[in-house]
Structure formats: structure tokens, C-alpha cells
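Engineer: Assemble chains B, C and D onto chain A, guided by the hints.
Protein chains: 4
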Amino acid sequence: MTSKFYAIISGAGSGTGRAVALRFAKSYPIVLLSRSQSSYQPIVDDIRAAGGQALGFAADASDPAAVDAAFTSVAKEWPDRRLAAAIYNANAGFANKPFLELTEADLDTSLGTAAKGLFYFAQKTMPLLLSTVNADPPNPPTLLVTGATASLRGSVRFATFAAGKFAQRAITQSLAREFGPQGVHVALAIIDGGIDTPWGRELGLVEVTKDSKLKPEAIAESYWHLHTQHRSAFTQELDLRPFSEKF
Amino acid sequence: MTSKFYAIISGAGSGTGRAVALRFAKSYPIVLLSRSQSSYQPIVDDIRAAGGQALGFAADASDPAAVDAAFTSVAKEWPDRRLAAAIYNANAGFANKPFLELTEADLDTSLGTAAKGLFYFAQKTMPLLLSTVNADPPNPPTLLVTGATASLRGSVRFATFAAGKFAQRAITQSLAREFGPQGVHVALAIIDGGIDTPWGRELGLVEVTKDSKLKPEAIAESYWHLHTQHRSAFTQELDLRPFSEKF
Amino acid sequence: MTSKFYAIISGAGSGTGRAVALRFAKSYPIVLLSRSQSSYQPIVDDIRAAGGQALGFAADASDPAAVDAAFTSVAKEWPDRRLAAAIYNANAGFANKPFLELTEADLDTSLGTAAKGLFYFAQKTMPLLLSTVNADPPNPPTLLVTGATASLRGSVRFATFAAGKFAQRAITQSLAREFGPQGVHVALAIIDGGIDTPWGRELGLVEVTKDSKLKPEAIAESYWHLHTQHRSAFTQELDLRPFSEKF
Amino acid sequence: MTSKFYAIISGAGSGTGRAVALRFAKSYPIVLLSRSQSSYQPIVDDIRAAGGQALGFAADASDPAAVDAAFTSVAKEWPDRRLAAAIYNANAGFANKPFLELTEADLDTSLGTAAKGLFYFAQKTMPLLLSTVNADPPNPPTLLVTGATASLRGSVRFATFAAGKFAQRAITQSLAREFGPQGVHVALAIIDGGIDTPWGRELGLVEVTKDSKLKPEAIAESYWHLHTQHRSAFTQELDLRPFSEKF
Chain A
1 MTSKFYAIIS GAGSGTGRAV ALRFAKSYPI VLLSRSQSSY QPIVDDIRAA
51 GGQALGFAAD ASDPAAVDAA FTSVAKEWPD RRLAAAIYNA NAGFANKPFL
101 ELTEADLDTS LGTAAKGLFY FAQKTMPLLL STVNADPPNP PTLLVTGATA
151 SLRGSVRFAT FAAGKFAQRA ITQSLAREFG PQGVHVALAI IDGGIDTPWG
201 RELGLVEVTK DSKLKPEAIA ESYWHLHTQH RSAFTQELDL RPFSEKF
Chain B
1 MTSKFYAIIS GAGSGTGRAV ALRFAKSYPI VLLSRSQSSY QPIVDDIRAA
51 GGQALGFAAD ASDPAAVDAA FTSVAKEWPD RRLAAAIYNA NAGFANKPFL
101 ELTEADLDTS LGTAAKGLFY FAQKTMPLLL STVNADPPNP PTLLVTGATA
151 SLRGSVRFAT FAAGKFAQRA ITQSLAREFG PQGVHVALAI IDGGIDTPWG
201 RELGLVEVTK DSKLKPEAIA ESYWHLHTQH RSAFTQELDL RPFSEKF
Chain C
1 MTSKFYAIIS GAGSGTGRAV ALRFAKSYPI VLLSRSQSSY QPIVDDIRAA
51 GGQALGFAAD ASDPAAVDAA FTSVAKEWPD RRLAAAIYNA NAGFANKPFL
101 ELTEADLDTS LGTAAKGLFY FAQKTMPLLL STVNADPPNP PTLLVTGATA
151 SLRGSVRFAT FAAGKFAQRA ITQSLAREFG PQGVHVALAI IDGGIDTPWG
201 RELGLVEVTK DSKLKPEAIA ESYWHLHTQH RSAFTQELDL RPFSEKF
Chain D
1 MTSKFYAIIS GAGSGTGRAV ALRFAKSYPI VLLSRSQSSY QPIVDDIRAA
51 GGQALGFAAD ASDPAAVDAA FTSVAKEWPD RRLAAAIYNA NAGFANKPFL
101 ELTEADLDTS LGTAAKGLFY FAQKTMPLLL STVNADPPNP PTLLVTGATA
151 SLRGSVRFAT FAAGKFAQRA ITQSLAREFG PQGVHVALAI IDGGIDTPWG
201 RELGLVEVTK DSKLKPEAIA ESYWHLHTQH RSAFTQELDL RPFSEKF
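Protein chains in written order, with full-length UniProt numbering: chain A, 1 to 247; chain B, 1 to 247; chain C, 1 to 247; chain D, 1 to 247.
If you are wondering where the hints come from, they were derived from the structure by calculation, not from laboratory data. Keep in mind the model is a prediction, meaning the values are calculated, not measured. One or more hints might be untrue.
Unchecked claim - Just a few of them, taken from the derived set where beta-carbon distance is under 8 angstroms, the chain C residues facing chain B:
no.: 1; residue: A65
no.: 2; residue: D68
no.: 3; residue: G180
no.: 4; residue: I219
no.: 5; residue: H225
no.: 6; residue: H230
no.: 7; residue: L238
What the hints assert, rightly or not - Which bits of chain D does chain A cover? Going by a derived footprint, with three or more residues having C-beta under 8 angstroms, they are:
no.: 8; stretch: 176-189
no.: 9; stretch: 204-214
no.: 10; stretch: 221-230
no.: 11; stretch: 240-247
Glycine included, every Cβ here is placed at the ideal spot set by N, Cα and C.
Next up, chain A with everything else stripped away, as it sits in the complex (with noise of 0.2 angstroms):
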């Protein structure tokens, strides 16, 4: 545990950031922005059982100002610790609706959210990544974001979702592209299959096959594999998906 970093995660629930929270709180304090406090707050009880740091915030990531005064707080709690690493795992705006029926408001909610939120981020996020990149880190300063079987395709009841997606990883690769020279690893994870979340199997969304849906926690893993690539050898995107997932 190295107290001289921390690391952000915004979009922490139930899933993928909650893995993603643990994995990284081995290694740093983390702060974690959820929708609402009953999202984030068993992370936060669950880092510091385990003997780590942890701080929560209620910040919706599509909304600047929420945002805005989370950083503020963070800035405040822990002056002298420096960026390691930001993970943006926010989602919404799954809409699945034949496009006739999609609305103005499910476009706005998938942008909103996939891209606009990810914009906001990264303004917050990179000036203190690239303040970090000289401070002797233990692994390049990163940004790593969530993506989806729709960052790459658009199909089917999905022009919405896969509006804020390819948004999304435009955003992205504009980023890697431009400050992977400055030294912060910018990169993208395509989610390609069901994540097998306490609320998908609330849902009855079982599994077919044992390993059918993706592990929060082999998510995790790889995502800090991404963070702790050495910077002559950075990946920007890789896919994750079941061995049992058709693509």
C-alpha cells in the first residue's frame, strides 16, 4: 500500500466497479463516485475491513457540477496524494427500443452519461495524471474506461446505446492519442458479453454455462494488469469476453 497515490473509480455499483474498487485498493486508497451513497458506500465498508482507504462520493457522472465539487472534496481529504490511476465505469442509456419508439431522451441519457460524463472525467482527471507522471509513480499514471459490444457495432435497438459507446471510445482514442506521449496510459476494455452482477442474478439472469457471463473480479484483473503495463508496451484497447460468447 503506497499512501502517497490513490485512485479514482466513477461508476461504482454492484459489478465491475466494486471488482474494480477492491483489485485497486490493494495497491492504493481509492476515492469512488456512485449515483448515491447506497451504491458506494459497501465498497467503501468493504476496502476498509480489509484494512484499506477509502472515500465515497455521490456524484452522478453526467453532471458537471457534482463532479466538480467530488474533485473539490477529494482535493481537500487528501492534499498531498497524487493521481495513480482514474477508471471510468459509468453507464446508462441502455434503452433497447426499436428506433421509431427511442426517444430524444434515451439519446441524451446514452450520450449523457457514455460520453459527456467520460468528457468531464477526463477534464478533472488528466491535469492530475499528468502532474503525477514525474512523481516517481509505481506504475504510469492511468485512465482506463469501460466499453462495450456497442463501442464497436451498432445494431439493432441499440442506436442509442451505441451512439454514447462510439462516442465514448472516440474520446478515448482522441486521449491515448494525445497524452500516451505525455506519458498517461489512456485505454479501453470492450466489455463483449453479460457481467455476472448480484442484480443480473436478482433478475434471474443465470448463467447457461458455468463462466457463460463475464466475473466482475477477472475484469478487475485485467484492468490492473492495463494500469501496471510498463509505458514501452501499452495496450489502448482489448476486448473481454466468456470463452462461451459467440463473435
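Structural biologist: Relative to chain A, chains B, C and D alone:
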């Protein structure tokens, strides 16, 4: 000239939109949607001078109410004509700034025109195009969208512009996959290079080599080809770039 | 009909190659290379019956000596004509077996026709096409290649077929990037679906829906469009698929 | 160290292959296939010096008989060990010439090593990997392949090299789609940049900036990560490039 059908072009100024309008005007009455009358009027005049029919409306593509009003007017003016082709050529938001200087307004402009504008336009035109499928049209009803290099890759200084163009591509693909099987041809033309426009020449953006900028008339020929493709052999995406372009 | 130029099609049988030959024969004398005389002779006869000119040669595309001999014969027959368009449509090696049942011969067949055959063909035709650039041709000299779904993705039972089509695409892209700036248009048409051929119909591969298989004549129109594109707006790759195709 | 399993690396010299061998040797006995003993012997010695186990065989990856003989020898030496990981790292055929100077031999070399060599290797290793699936391996049985920038794009002077690497990618994707659902992880690592090798340094290919060439050890860490991914979250393709690389 068949007067039972018409084509509509959103985003018609002095470059691609104008050339596409003139090309399609050889076969159809044309509706032009532009930000201002000064954009569409010269095209309307040229089409009429050549013996064609044209209507123009001032309607910013990212303003749903204005778009709505224009479609209402078209339905009143030409109640018996069916929509044969809809071309979405509106462009905006090429901010071209380092990421940390880009503003939320830059992102909104790009998403608003490239993605949300296409979303409105498709919601207005798709029902009309679907109703044309069984009305014995001369060619399969078609929705064409103008993309750019930034539809395919994010890059330095292009984060917001690419976000809009990626999102636009996602919507276009989703439309193609949903409405192709219903008989509507949806395609994206990815313009990969500078276009030889009057305003470009005025700005001094001259060609380094002859034909090293895309001629709007050449682009228009490919749009017309896409429109006239037999439904057994639809193209979903094609690139267009000058012979001299590195890619 | 201009008799100063000609077009050559490698891989001309009863489907795409035949349709492309007939389409280009409206404007150019045609040379056909096929595995056997029984493949090219009916096309030669049809072109001549329609008032065009045609020569046919038996030359397996993967046999350099046979290809060489055919080009020597063309140069003797038509010493003063320049090559306007070269179309590589040879296909072979669709083994369609589980990977562990595929043989080295299956791989050799696919690589031999899709990749090595194109390599020979391009080495023969590119110098001719380059010499046409400044000979005032009616359209930019063009090399067109017929790709397939397997040009873009490997899949179960398609390992060897995809290997050949991927390699073919690599060569096509490399040619486009090297010779585009010298004025030769190189493009790949990715045929994504079954083609409506006489032999397919004989095998009982009938259309589920009307136009659910690509019409060779429709493919040929897009090839002709590619050939006639202005050099300021070349397409490098386009897909062609039936309206009804899932993709 | 588990002695029930082993890993095999084809194409082991002084760069990536060596580093991958040393990394995997921390967990498995290692088999090395190289063009000559002078390539594999130093690695064998280093692994043994570090307390590991290693066997080396001279076998050109594009020579089926030699590859066959090596696998027979391995089966005799280690009859009770199962294959945990197979890495295909053989490279050849980077001709780097203008297209019209490339020879059929250049193309054969590239296709022979990148595509046909992988084909043989996969036909030898896949049955072994499949038999490991239910033998309680420490990680999912894995086939890893070393790709390059030219796996994704053809370019000037790279026609033959790209042909081989594209074909290799096609085979890798086909294998992933066929054998993933059977529990074998197949992945392609796309190395997009120069590698910092001893022979490169001897040739004076020094780094412009520190870490502007990929460190073989950094590549090896990502290979190890791919091998240890849980089967619910397999990566099929990842890119690896220096932070300083334009892409």
C-alpha cells in the same frame, strides 16, 4: 424527372450538399434544409434554372422544432409526393483544440449536429422512406449520411469532433441493420480528405496537387450510385478520398 | 466503345466475373482469364454477339507461367491498346471444415488463389495501368479485387479461406497506398452474402426472399462505378450485401 | 513451478521469444523451437541456471517435418506433461521493397512463416491444449500469437509482409471462435512499434526517447496476463505499443 417522388437534403451549403442536391435534382424534386436562406437559396435558384423543382427551408439540423416545421411544410406543399432519398450532410463542431481547452459547448455542438441532428432527421424521414418501399419507387428508398475520417478514428485535437462523428456512425449502422431488411437502404460515406469548396478556396486552402481535394461533384456521383444500388447489393459504408491522400 | 483501351478480368465464369465482363464490355474490349475455355467461351460469345470485342485465355490465376503466357498473348493481339481496368475475381479454397480436418493443401489452395494469384496479377497489370495514367484514359486506371465476408473476419470452419482473403486484402491495401498517389485506383469490393449464380440455382441454393442473394449484374454496376470514380474521390473499400442480410 | 504442465514457444531468439520463455519458465517447464541451436541454447541455459527446466529444438516454423519431429521428441522426453500454453512468435519475410521489386519468394517466405507456420503449429498444439482443458490446469490452456502493425493494415513496401500477418490474424480469429467455446484461449498480441532487441541495438536502432521501443520483458508480462485470464473474460486481441508511438 419523376414528380411522384422527391429527395431531401439536410445541410446544404456551397460544397457537398449543393453538389448532391444538383445531382439528385436531375431525377427528383428537391427539398433543402439549411441553417439560413442564404445557404439554400442559390441552390434552389440553380435547380429551378435547370428546369428542376426545389424548396428550401431554414432549419438548423440540431433544432427539432425547426426540423419538424420544415417537414410539416413539405407535407403541405407536396402532399402527394413520396420520399425517395434523404441525405444527412449537416456538419458542425470541428473544434480542433487540445483536449484540455475543449469546452462542454464544443462537445454539445458536435454531438448536437452529428448525432442528435441525424437522430431527429432519421425519425422524421424513416417512416416516409418505409412508406415508399411498396410505392414502386425507381430506386430503393435511401438514407445517406456524410461521415468523415473522424468517423473511424479519434485523434489529437479531434476529441469532440470525433465523438459526434463516431456517434453518428453508430446510429447509421443501427438504422442500416434495422431498416435494410425492411427495404430501406442506409449508408455512410466516409469523406477522408479536404473538400474543394468555394469557401475553402477563399480561405486560401488551395490544392497542393491537382485533384488533391475531393470535388463535390465527384462525391455526389457516389451518393447517386449508392441511391441507385439494387437492393440485392447494398453498400453500407464506403470511403472517399483523393488519390493523393495518405491513409 | 473506345478501342484504344481494354479491360482484363481474371476469374470469369458464370457469376460475378461474367457480369463484370459484360458491363465493362459496353465500353472496352475485354480479356478474360479463366481456368478453362468452357468458362470464358460463353462470355466471349455473348460479348461478340452484342457487338463488343473479347479474347479468352485458359489460365489458372495461381499459375504464374499460365498468367504470364496470357499477358504475352494479349500484348501480341492488341499491341496498341492500353489497359484501362484490371479485375481480380479468382476464387478458390472455400474448404469449410473444422480446423483439425483442414489440410495443408486446403491452405495452399486458398493462399494460392486469393493472395498469390492477386500478387502475380498485380505485378503483371500494375506496370500496364501506370503507363495508362498519362495516356488520357477515359477513367482513372483501376485495379479491382473481389473480397468476401472472410476478408474481414475469421470464423469457425473458415480458417484457410479467411487466411487467403485476409492476405488478399493486405495486398490490395498495400497496392492502394503505393499506387493511388501515382494515379491508379485500387479498390476491394467485399461481397458479404451469397451470389445468385446459375450453378447455385442448379444446386438448389434458391433465394429465401426475393433479392436475398446478390445479383451479379448489381455487383457489376458497383464495379463500374468504382472504375469511373474521379481521382479526387476514390473508394478503397466498399461492402456489398443483400438488403435482407444480417451483418 | 508445476511439473505436470509445460509451455512451448516457437520462434525464440533474443527478443520477444526469449523474454516470453523466461517469463513462462517461472511457472512451467519450457520447450523452445528455433531456427538453430544458437538461437535456443542461450535461453535453455538461462532457464536452467534460474532453476527451471527447458528443452530446445532446431525447427524452422515453416517446415512441417521439422516441427513434427520436435513434437515427437517432446512427447518422448516429457510423456506425462500436458501442454498449458503454446506461443507462436516466429517471424520472417519483412521484405520492405516497392511492390514491383517484391518477388514470389518474398511472398512465400512471409506466408510460409506467418500463416502456414501458425497453421502447422496450431494443428500440432490444439489437440494437446484441448486434452488439457479437463486436466485441471492452473490456467485455461492458451495459444498466443505475435502479430504486428501489419496485421491490421497494408502499406507501402509492406505488401508481402502484411499478406502473411493478415493471414495469420485470420487463422487466429478462426481458432479463437472455434476453440474458445471448448475452453482453449486463443489470442493475438499486435505489436505496434519497434522492439528493443540486442540485435537492434547492435544495428544502431537506438531509442530516440527512453522507452520508445517495446521492452521484450514488458511484452512478456502481457502474454503472461493473457494466459492467466479467467475463462469468463478472455481477450482475443490486444495491441501493445510504446507510449511515444504515433498510431
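Engineer: Have a go at the L238/C hint: is there a Cβ in chain B nearer than 8 angstroms to its own Cβ?
Structural biologist: With a minimum Cβ separation of about 4 angstroms from chain B (threshold 8 angstroms), the hint on L238/C holds.
Engineer: Does the stretch 176-189 of chain D contain three or more residues whose Cβ lies closer than 8 angstroms to a Cβ of chain A?
Structural biologist: Per the Cβ count (5), the hint holds.
Engineer: Has the stretch 240-247 of chain D got at least three residues whose CB is nearer than 8 angstroms to a CB belonging to chain A?
Structural biologist: holds (count 8)
Engineer: Any CB of chain B closer than 8 angstroms to the CB of I219/C?
Structural biologist: holds (6 angstroms)
Engineer: Are there three or more residues in the stretch 221-230 of chain D whose C-beta lies within less than 8 angstroms of some C-beta in chain A?
Structural biologist: Result for this restraint: holds, n = 6.
Engineer: Less than 8 angstroms between beta-carbons is the criterion; does A65/C satisfy it with respect to chain B?
Structural biologist: violated (33 angstroms)
Engineer: Next item in the hint list is D68/C. Is there a CB on chain B closer than 8 angstroms to its CB?
Structural biologist: violated (29 angstroms)
Engineer: Cut-off 8 angstroms, C-beta pairs, minimum 3 residues; does the coverage of the stretch 204-214 of chain D by chain A stand?
Structural biologist: holds (count 4)
Engineer: Would the stated hint for G180/C survive a check requiring a Cβ distance to chain B of less than 8 angstroms?
Structural biologist: G180/C check passes; min Cβ-Cβ to chain B is 5 angstroms, inside 8 angstroms.
Engineer: Does the CB of H225/C sit less than 8 angstroms away from some CB of chain B?
Structural biologist: holds (4 angstroms)
Engineer: Using the nearest Cβ pair, does H230/C come within less than 8 angstroms of chain B?
Structural biologist: holds (4 angstroms)
Checked against the numbered hints listed earlier, the structure breaks hints 1 and 2; every other hint is satisfied.
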